[in-house]
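All chains, please: the whole structure from these sequences, using the hints.
In my numbering, the protein residues as written are 1 to 328.
To be clear, the hints were calculated from the coordinates, so they are not data collected in a lab.
Note that beta-carbon positions come from the ideal geometry of N, C-alpha and C, so glycine has one too.
Among the hints, erroneous ones may be present.
[Stated by the list, open to error] Derived CB-CB ranges, DEER-like:
#1 Tyr320 - Leu5: 15 to 23 Å
#2 Leu111 - Arg299: 32 to 40 Å
#3 Glu103 - Gln325: 44 to 52 Å
#4 Tyr320 - Leu188: 30 to 38 Å
#5 Ala127 - Leu66: 16 to 24 Å
#6 Met121 - Phe288: 17 to 25 Å
#7 Tyr145 - Phe288: 17 to 25 Å
#8 Leu5 - Asn36: 40 to 48 Å
#9 Leu13 - Asp170: 31 to 39 Å
#10 Pro297 - Asp270: 18 to 26 Å
#11 Ser203 - Phe288: 36 to 44 Å
#12 Leu314 - Ile148: 34 to 42 Å
#13 Asp322 - Ala9: 16 to 24 Å
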Amino acid sequence: MTETLWFSALAVLGGFVALIWGADRFVHGCAALARNLGVPTLVIGLTVVGFGTSAPEILVSIVSALNHTPQLAVGNAIGSNIANIALVLGATAVILPLTVNSETLRREYPLMFIVMLGTLMLIMDNALDRVDGTLLLIGLALILYGIISLGLRKQRLDPIEVEFAQEIPDTTTPLSILWIVVGLLILLASSKSLVWGATNIASALGISDLVIGLTVVAIGTSLPELAASVMSAWKKEPDLAIGNIIGSNMFNLLAVLGLPALIEPHALDDTVLSRDYPVMIGVSVALFIFAYGFRGPGRINRLEGGLLLGVYALYMGIIYLDNVQQAA
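Structure below.
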């Protein structure tokens with residue numbers, strides 16, 4: 001049992017490291033290829049980069065569903081959204097307070113809430129079936145269409161567009177394609193390693209796949225967002241830091257929940273609606289209040305970042321206590 005746990009822990013750790021590197025190479029290749037093909041900078045930033053930082057969650061969810069552990073995918077999607085805001089933006093704001101000026105982000109905040117409420121309506125029956133999955137993926141297509149249309153018709157320069165332009169790599173087309181292929185292969189292999197190790201640990205410790213998804217897997221798959229947000233803040237690109245999170249959270253709900261529903265329809269644990277989804281909505285509302293900027297530029301200061309981190313620590317504590325009560 002001990003050897004199995006050690007191998008599983010190493011598989012999870014190695015999976016996380018490879019997942020981060022694979023996601024970075026995949027985003028690098030996609031962004032460079034898109035720019036070489038003449039795609040507008042704003043479109044690349046709002047779609048390719050946002051979708052790319054969600055690639056770990058998407059691959060993990062697909063592998064989880066294929067391995068008949070869809071609850072891990074559910075936990076990963078919702079847990080990653082909570083971690084993205086409370087842990088990633090909280091930690092980033094504590095390190096460097098974030099000032100938000102982008103008009104594009106202010107339009108995306110309401111869109112994120114529409115996605116959350118639409119997803120909530122689909123899971124109110126405590127299940128995700130193929131109809132739900134299809135509707136979520138249709139929603140993803142509509143979101144992408146809307147974002148692309150916004151980027152194509154944008155007339156006035158948006159601060160976030162300047163930040164995107166600084167981050168898109170200057171790489172030749174053949175090398176970009178190579179990085180896309182390498183990134184995808186690494187993402188697939190690391191996702192399999194991560195899911196295998198996580199499910200083994202859950203089974204050995206008597207922890208549900210949902211809890212593992214909400215905690216260990218969610219934190220691990222949110223590491224690319226953490227790295228991107230901290231680096232963006234360090235480079236004085238706060239709009240990019242928050243933009244990555246908003247885009248990733250929408251993709252997590254639409255793609256990370258939608259794909260497993262198509263592969264293996266499943267019932268949801270009762271705690272998803274009673275505990276986890278309300279927390280996700282709550283931290284999203286807090287982000288809106290802190291960063292929207294009702295009378296000028298929005299700002300997430302160190303105190304507000306600390307509050308977000310405190311909420312995340314409290315949430316982790318609640319999950320732990322709930323798991324102890326269920327095991328008793």
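Hint check results:
{"no.": "1", "hint": "Tyr320 - Leu5: 15 to 23 Å", "in the structure": "holds (19 Å)"}
{"no.": "2", "hint": "Leu111 - Arg299: 32 to 40 Å", "in the structure": "violated (21 Å)"}
{"no.": "3", "hint": "Glu103 - Gln325: 44 to 52 Å", "in the structure": "holds (47 Å)"}
{"no.": "4", "hint": "Tyr320 - Leu188: 30 to 38 Å", "in the structure": "holds (32 Å)"}
{"no.": "5", "hint": "Ala127 - Leu66: 16 to 24 Å", "in the structure": "holds (19 Å)"}
{"no.": "6", "hint": "Met121 - Phe288: 17 to 25 Å", "in the structure": "holds (20 Å)"}
{"no.": "7", "hint": "Tyr145 - Phe288: 17 to 25 Å", "in the structure": "holds (24 Å)"}
{"no.": "8", "hint": "Leu5 - Asn36: 40 to 48 Å", "in the structure": "holds (46 Å)"}
{"no.": "9", "hint": "Leu13 - Asp170: 31 to 39 Å", "in the structure": "holds (33 Å)"}
{"no.": "10", "hint": "Pro297 - Asp270: 18 to 26 Å", "in the structure": "violated (41 Å)"}
{"no.": "11", "hint": "Ser203 - Phe288: 36 to 44 Å", "in the structure": "holds (39 Å)"}
{"no.": "12", "hint": "Leu314 - Ile148: 34 to 42 Å", "in the structure": "holds (38 Å)"}
{"no.": "13", "hint": "Asp322 - Ala9: 16 to 24 Å", "in the structure": "holds (23 Å)"}
Hint compliance for this structure: hints 2 and 10 are not met, and every other hint is.
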